[in-house]
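Protein chains in written order, with this note's numbering: chain A, -14 to 193; chain B, -14 to 193; chain C, -14 to 193; chain D, -14 to 193; chain E, -14 to 193; chain F, -14 to 193.
Don't read these hints as lab results, they were simulated from the structure.
C-beta atoms are modelled at their ideal positions from N, C-alpha and C, and glycine is treated no differently.
A hint or two may mislead.
As the list claims (entries may be wrong) - Going by beta-carbon spacing under 7 Å, a handful of chain C positions derived as facing chain B:
{"#": "1", "residue": "L14"}
{"#": "2", "residue": "P18"}
{"#": "3", "residue": "P20"}
{"#": "4", "residue": "L36"}
{"#": "5", "residue": "F38"}
{"#": "6", "residue": "N86"}
{"#": "7", "residue": "K134"}
{"#": "8", "residue": "A137"}
6 protein chains.
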Amino acid sequence: MRAAQAAPRAKHQDPADAAAGDDTEIIALDLPPAPLTPDMQAYFGKCEEKLGFVPNVLKAYSFDMPKLGAFVAMYNDLMLAPSGLTKLEREMIAVAVSSVNRCYYCLVAHGAAVRALSGDPVLGELMVMNFRAARLEPRQRAMLAFAAKLTAEPWAVEDADRQALRDAGFSARDIWDIAAVAGFFNMSNRVASATDMRPNSVYHGQAR
Amino acid sequence: MRAAQAAPRAKHQDPADAAAGDDTEIIALDLPPAPLTPDMQAYFGKCEEKLGFVPNVLKAYSFDMPKLGAFVAMYNDLMLAPSGLTKLEREMIAVAVSSVNRCYYCLVAHGAAVRALSGDPVLGELMVMNFRAARLEPRQRAMLAFAAKLTAEPWAVEDADRQALRDAGFSARDIWDIAAVAGFFNMSNRVASATDMRPNSVYHGQAR
Amino acid sequence: MRAAQAAPRAKHQDPADAAAGDDTEIIALDLPPAPLTPDMQAYFGKCEEKLGFVPNVLKAYSFDMPKLGAFVAMYNDLMLAPSGLTKLEREMIAVAVSSVNRCYYCLVAHGAAVRALSGDPVLGELMVMNFRAARLEPRQRAMLAFAAKLTAEPWAVEDADRQALRDAGFSARDIWDIAAVAGFFNMSNRVASATDMRPNSVYHGQAR
Amino acid sequence: MRAAQAAPRAKHQDPADAAAGDDTEIIALDLPPAPLTPDMQAYFGKCEEKLGFVPNVLKAYSFDMPKLGAFVAMYNDLMLAPSGLTKLEREMIAVAVSSVNRCYYCLVAHGAAVRALSGDPVLGELMVMNFRAARLEPRQRAMLAFAAKLTAEPWAVEDADRQALRDAGFSARDIWDIAAVAGFFNMSNRVASATDMRPNSVYHGQAR
Amino acid sequence: MRAAQAAPRAKHQDPADAAAGDDTEIIALDLPPAPLTPDMQAYFGKCEEKLGFVPNVLKAYSFDMPKLGAFVAMYNDLMLAPSGLTKLEREMIAVAVSSVNRCYYCLVAHGAAVRALSGDPVLGELMVMNFRAARLEPRQRAMLAFAAKLTAEPWAVEDADRQALRDAGFSARDIWDIAAVAGFFNMSNRVASATDMRPNSVYHGQAR
Amino acid sequence: MRAAQAAPRAKHQDPADAAAGDDTEIIALDLPPAPLTPDMQAYFGKCEEKLGFVPNVLKAYSFDMPKLGAFVAMYNDLMLAPSGLTKLEREMIAVAVSSVNRCYYCLVAHGAAVRALSGDPVLGELMVMNFRAARLEPRQRAMLAFAAKLTAEPWAVEDADRQALRDAGFSARDIWDIAAVAGFFNMSNRVASATDMRPNSVYHGQAR
């Protein structure tokens, strides 16, 4: 229903400011970077090697090594350590939470992760746009419904909500992990929005 | 920050149901199509020729020719007829409104239109995710702020809101057009969400 | 509990501006009317003949004949064409939706329609004020609950909501019609609020 | 735009249940009335004489004389005692607050009061439907904006809101009265909604 | 997890303005007190004798004796007269409602009342912070859920909500009392917030 | 206005379950504790020594040492490391955020911290109940307004909000710290609410 031919680039996409949305020199609040610790130097190297780039959130935290270290430790434990949730499920929670909070940075970066981990570009779009439109198995639907309620009205989460997770097959430890991932992105969404953090533009084209 | 390598396809992305999200045989409520009128036959042919496919919203309306005809007439007038708003601006309003309403169908179809018309894939993502994160000129910012307020709390729109549009350079006729496009997608978002309308999956990869 | 005797007219009801609320010369955005097409001339004539007046929404759209034509075609199909919903039920949806959106124009015009079609002035007031206070049969209650949810949180409409309509006896086609009428008034409410559209004051006294 | 001719009465307006909306024998929770005290007997007599009927809210409170007495004392002081606000202004606050809370009882009863006191039926409809659509002088607009904010988000009322009232010419005592009337209807709206209180149907036709 | 030792008093707790939060000379809007009627003189004396102080809300109303009298009569009837609800339950409703409305005055004064009447300081904190976190018997949970819904979205209270109270063992009269107490604090919360009413600081330390 | 004398303990405060609200054997989801690492053993010892107890949040995280370690590292850096914000200001943000989210655990634990660090019990109550009722200097008001908006509607935070912080004297680094503390408690609030985490009851009486 849309016109198929591209219009000439609008002024704000001129080569001169092609990266107006992302990748500007100021990633977040323009805090001067601190020297990387050897650990973080190694970690950034691993990012370059595996991903081809250093995620901007890491650069944004680089003004202070203890803050960067704490963020990386918590992130990697939550998203990569053994859990009853698959890595894809954790990324699905990340994106569904970021969608409730409309966090541009996290939707771009973790939307790409859902596409890549699932091999299903449409699933990534569904998590970004409205997880309720996705045709998911009941387990994943229950997981995302809990995460979305916890995000939108945490005060209203009660035993019945935990029971719904148990009924969908989740253990107490799984419930913790759902809560912890949802909680983490409620933090990250707010740090990113508060500081106007811009994602690496390379994410946009990944795994489409 | 995401693992770069794709995990094996999760169960719900098996080739057998790869199109679980979209393109299922049931596009909306599975109403039996009526015979196309000659006008609509010609219009569908034009879609095939120009876009390569018939947008699913048109198929969804095809159970009743008067309804299809009225929808097409209003859509084409609003989005394509001469206006003080560019076609891209009208599509930006469409997506920003659909983002407030979290309408999967319209975000997919009109997100693609913003990417194609602007030649700027990032702009499409910004409209889908949070127009406030986009670095727009004041005119477009004012236009989207008005459309978003009109969508979220129409009862609170007052003279000061119209004045903000005038201050940004919009004429009375432009204000009508902003209102009419925003209004139209408030309608379409609801018809699509109420009927579980699924977008053509071809949109996802367009103009990335 | 109110004092029965009318106070002297407050300043803003002086004869000089007695129609401050409605019927001012500026109905919406004061766009200059275009010459009516013969079709629209005939239609306006029919309005004068049947209603005694031309509804202001039609005058508001008269700055552009294609827009007026598309609006009239869609409106008449939705509200008057054969449907599993009675004309009264469609007007009840119109008013319940307009009540969620607090649209002055549509509440006045379609509140009058509910009063007239039902022969029940109280039913009109109930739809304007809070449909949940009305003592309706379950079918109509389900229909309005769906329309109100679709209006207030379209993103949250899921299969369970459609199933509730089926359980109340509605067919797939009926569900489309409920969605389409609710969607249409979500559009019209916003066009009216955005443009400060004023209803014909004759509606106020009709069918009381 | 509505069909002018009334349809035959829908089933729920059959003579047999013509008063389905109001005036049923059960006004609220069907609590057995207590014997009226002489004071209340006199007061009810005065209502009959002046209004032609006893407002149902008084009948609803009649199960307990101390509760009835306290309600009547507070109501009459707030709405009728000398104040910097006119009686009409107090009724306008009553209706604007009841509109935010969508209280059927209070909108019916006090909407009629606004129509009667102002001699302007349209003003009554505007207060019921959306006070922001009314063309009010700045003083009354400020008064209603304060009352509406106090109703919808009382926690957010701050010095700047009180200052806006002072800037519109209200004294400290006037601010109290605005707050007290708005507060009172936030109470009454909830008692009425919680107990399914039904208004006397005579209100509907008054002062149209 | 907090540092145990108190930091030196921050600037805004200097002896000079130690009572910055409460007990300032201006309790509400600084309206000049009227001479107390003999009844109210006696009542204030009784407060001094029983509580050791006159609650600031009474001082705030003292600019006008009829208003003070009506408030005291309604308050004492609601909170102290015989009812199927215990005095503690009525105070629990008061605090849960005031928590939804975030009313500083009422949370301080009635939080203290819950602590004192229950002999359970933790119960007071739970009512202030989030009643859903309290481990209550089903009857009290149902009572508070009704009061909270009535406060937050009075328009949505329907028969099913009243039935839930009946199912929890409440009579029609009990339902009235729950509604009336919840309604009263929806009034008082707004009068207090609108007038910046400050509680007596003595409440803070009571019954900890 | 409350009865001064305590009623006999209500049933749910029987000695047998006096700690019904807190300090039950199940702190959160009843996950079996893992052996503490030497670092965490030392840290818990330091808590016992300095606070007299181990905060329940630490016990709740003790089922997994990497998760406990990451939480402690991030918490201590945010709340105790050098910053342009005082420790009290960081605790004020913690409580104001937890108030928006109505998190029982965090309001209890960090409300106590505000009381202790400020030496001002009333300030703690104000942060718990409604920071807008506190009479704060403009700098702290701006800081809390930003944190509250970031909590309630993170998507709406824009440059104007950051500018308001700069205008109140905050540096870019200070803005980061406000965002990071607010973000952290948006995480912790949700982990606590999702897992029904119970605070140590000792907090309730601290620094009153």
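Hints that the structure is at odds with (numbers, increasing) = 2, 3, 4, 5, 7, 8
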